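**Q** With chain A held as given, fit chain B onto it using these hints.
Number of protein chains: 2
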Amino acid sequence: MTLVQQAGRNSVYAAIGEIGDLLGDRLSTAQAVRDLHGDDLTWHEGEPPDAVAFVESAEEVSAIVKICDRYEVPVIAFGTGTSLEGHIAAPFGGISVDLSAMNQILSVNAEDLDCTVQAGVTRKQLNEHLRDTGLFFPIDPGADASLGGMASTRASGTNAVRYGTMRENVVSLTVVMPDGEIIRTARRSKKSSAGYDLTRLLVGSEGTLGIITEVTVKLYGIPESISAGVCAFPDIRSACDAVILTIQSGIPVARIELLDEVQVKACNAYSNLGLEETPTLFLEFHGSEAGVREQSEMFGDIAGEFRGGTFTWATKTEDRSKLWQARHDVFWAGLALAPGRKGVSSDVCVPISRLAECLDETKKDVVDNNMLAPIVGHVGDGNFHVLLLVDMEDATAVDEAHAFLDRLVLRALAMDGTCTGEHGVGSGKKKFMFAEHGAGVRIMRTIKSSLDPKNIMNPGKIFPDVPAASN
Amino acid sequence: MTLVQQAGRNSVYAAIGEIGDLLGDRLSTAQAVRDLHGDDLTWHEGEPPDAVAFVESAEEVSAIVKICDRYEVPVIAFGTGTSLEGHIAAPFGGISVDLSAMNQILSVNAEDLDCTVQAGVTRKQLNEHLRDTGLFFPIDPGADASLGGMASTRASGTNAVRYGTMRENVVSLTVVMPDGEIIRTARRSKKSSAGYDLTRLLVGSEGTLGIITEVTVKLYGIPESISAGVCAFPDIRSACDAVILTIQSGIPVARIELLDEVQVKACNAYSNLGLEETPTLFLEFHGSEAGVREQSEMFGDIAGEFRGGTFTWATKTEDRSKLWQARHDVFWAGLALAPGRKGVSSDVCVPISRLAECLDETKKDVVDNNMLAPIVGHVGDGNFHVLLLVDMEDATAVDEAHAFLDRLVLRALAMDGTCTGEHGVGSGKKKFMFAEHGAGVRIMRTIKSSLDPKNIMNPGKIFPDVPAASN
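Protein chains in written order, with the working numbering: chain A, 31 to 501; chain B, 31 to 501.
For reference, chain A alone in the conformation it holds in the complex (with noise of 0.2 Å):
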């Protein structure tokens, strides 16, 4: 260990020892603790952080933040741990705050569709609590997420093709910057054209710029009426161009999700759903009762145009509830194809006409390579993930992954597409960033060490790293 590197893990000892004194025994620095705070479902490496803080108010994180700011101590914010490019660890150490005790519910503003909750609801808590009130949230990723971490990351799910993301959903958020000081992003109004949108500026950040403590987000009616199906066609391109008609005819589709024939036959297995094995959308349609039928109709004319077979109904709750679980459970479907291997989710998003040209390259490049890799997608948005099974023991194997996912994802870059529909960079994404963003990485770094001159917040994510000086 150098003087430097020495002088490093005294000031982590002497911050940890100063949160300790206010936090007793929720500060921990046991190795377990610590190992899951840093590790993900993923194939990137874990790394610990030094210390774990289990915080209950803004007001703590902002005497922690204060603290590692003092002593240049990294501090990264940790939700329910489901991201998925190693959001969450900690290269440099440091210390992990964990939000998860922060789970009230503040307020529901039922006029006004919105509420605010502490950044540790997760979705699934909230939409249980609204229950009752006739509202829901429509914002779903596979896990069960806190909207502190979704808001982090920008995330969707299968309902963003009509409701949107997180960048549209987030109306204002209460953040510790990394001086310690707390700020609430926006009023609770609709809009406003009142200065920089710095809402949506920290929506993605990842946890580099600030950690945030509150979100206030949209709420929708329960919808009278809720349709939802599954379509069968003979191939990925035929579904494709359904989509697209779908979204230019301006049916308000509220989920239209792709699987490919790998995919289902997942689902077959894991979610024992008895489907046809070959490319399938699963749809849902949201409205009046006359309003779902009509929808449901003009998507049945757009299917048969395209050889999709019969549109065949859930129609009883616990069908849909049924499909849309195993839609949400495609990872571990994917999983269970091959135990014992690691999933690599990937995650572009293309223009939605390029989409059908994407998926055939990238289901061409999966058959040529011989790979395990159902597939996915969010397609009403162009967005769609290759699950690669990895068998992690297989040196040859994990570097035939890496070299599959730069190239869908410059395959993506170049239909002028993202390296991330929802995910997030992470570490897993940062060498994309120059060759997505060019000039604009510069423009992100100057916003970063401007708003944090000392890089304590989760620090080594986002930014290509720079190659170190020759002297």
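Watch out, some of these pointers could steer you wrong.
Unchecked claim - Below, in silico cross-link-like pairs of lysine-lysine (DSS-like), each with a Cα-Cα straight-line distance of 30 Å or less:
(1) Lys372(A) <-> Lys295(A)
(2) Lys154(A) <-> Lys295(A)
(3) Lys484(B) <-> Lys248(A)
(4) Lys346(A) <-> Lys372(A)
(5) Lys484(B) <-> Lys484(A)
(6) Lys394(A) <-> Lys484(A)
Claimed, not checked - A few chain B residues facing chain A, derived, Cβ under 7 Å:
(7) Thr163
(8) Leu231
(9) Ala433
Keep in mind that the hints were calculated from the coordinates and are not lab data. In this text, all values refer to a predicted model and were calculated from it rather than measured experimentally. Glycine included, each C-beta is placed from N, C-alpha and C at the ideal position.
**A** Leaving out everything else, chain B in the frame of chain A:
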């Protein structure tokens, strides 16, 4: 003139010389041209720039900004000059960059429902161009503003309740940054979680962080069926209550606009509408034929609950156009109530649950102070404008107008609203920024200073003046 001021003037002359070499007779220092570019329709004092550059490309804008960066000379972007809070004034002199000749529509991607235009393209020009595609661009501020200007002020209009504002509808921007670098803020995919949301940071930044040269916006299919009409109410509160229930019921109303009885009277006179002079909602429904019928029936039931009159249809296209042209002309209709007076358009927005209360108190303030001030609102969003008609020769009346506007903003802020829903801060609202954002202003200022350290981009706007140090 002090030596420092003289040095500043010399820099301006040097910059003008270099820009003149670049643009030839597309750089003007004629007094009439300068006055036109520093003044707007409002009561804000006109402050002419030192010269006006009529640019034709992003590369020209970049070259000009680089020159201004070198000489530390202000740069002010100019679109159509229709902003309302003194945005285009040049309080520190400098170069006005007129983008109106950058009016090319660069691409329409019908499959992706988006298009890319140069910043000088106006909303009417774009919709004229789209006429045969079956698509339209919904954002409609009163003026036929440029898309660059609309992005800069985060503009909206009557359709925002259904289609959102520029915040939701800008996909990507090309921007010349303060050092002259040209960046594109995002790819064209519908979603992305790849780093900071530079698009949303630039939208609403009012030319203080860069000059927008290209805008990619979302488009929408022209609905199969459109119906519009008016509904009279006995008082403002009844009208507001009908609006709140309409929004809460999830009726996807495309437009829902309130005009108070003074505004209806003004419109009757100016646009020959023949309406009953009482608080009135102007509405529009978009959808399929059945959907529109269903929406309007649902609204009719709600209006009945709150003592609304019969919903009067404008089924013919020309009647509908007349209605919405009258709505867009409210500013001129208001001015015509008192020839010779200036129109001062205020712009607050509150959570919709507080709208009736805010409007009631504001109306009382108007009446109690004998002001001539029609009210019009995008009430589905909680946003409304009081058009104060002020005799600028009467110093007492001007003072009273200022005091009224202060009370109006503070009232909105106390209800968790904003000092501006869609007009922007400019110079007119900057004194309210601390009251609205608190410590957030410091974050905004840090971002501004980091990206524009010489403060050359539209200086004197958005940020509250800091008292000069006493020495």
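**Q** Can you confirm whether the C-alpha distance between Lys484(B) and Lys484(A) stays at or below 30 Å?
**A** Roughly 23 Å between the alpha carbons, so the hint for Lys484(B) and Lys484(A) holds.
**Q** Below or equal to 30 Å on CA atoms is what counts here, so check Lys346(A) against Lys372(A).
**A** Not satisfied, since the Cα-Cα distance of roughly 35 Å exceeds 30 Å.
**Q** Compare the distance between the alpha carbons of Lys484(B) and Lys248(A) with 30 Å, and conclude whether the hinted pair is satisfied.
**A** Since the Cα atoms of Lys484(B) and Lys248(A) sit roughly 39 Å apart, the hinted pair is violated (cutoff 30 Å).
**Q** With the threshold set at 30 Å, check whether the alpha-carbon distance from Lys154(A) to Lys295(A) stays at or below it.
**A** Measuring from Cα to Cα gives roughly 27 Å; hence the hint holds.
**Q** Starting from Lys394(A), check that the Cα of Lys484(A) is at most 30 Å away, please.
**A** 46 Å, violated
**Q** Tell me if Ala433(B) is really an interface residue toward chain A, meaning its C-beta lies closer than 7 Å to one of theirs.
**A** 21 Å, violated
**Q** Has the given pair, Lys372(A) with Lys295(A), been kept, meaning a C-alpha gap of at most 30 Å?
**A** Holds, at about 19 Å.
**Q** Using 7 Å as the Cβ threshold, decide whether Thr163(B) counts as touching chain A.
**A** This interface hint is violated because 11 Å lies over the 7 Å limit.
**Q** Hint validation: Leu231(B) versus chain A, beta carbon distance must be below 7 Å. Holds or violated?
**A** Hint holds; Leu231(B) Cβ to chain A Cβ min 5 Å, cut 7 Å.
Of the numbered hints given earlier, the model fails hints 3, 4, 6, 7 and 9; all others are met.
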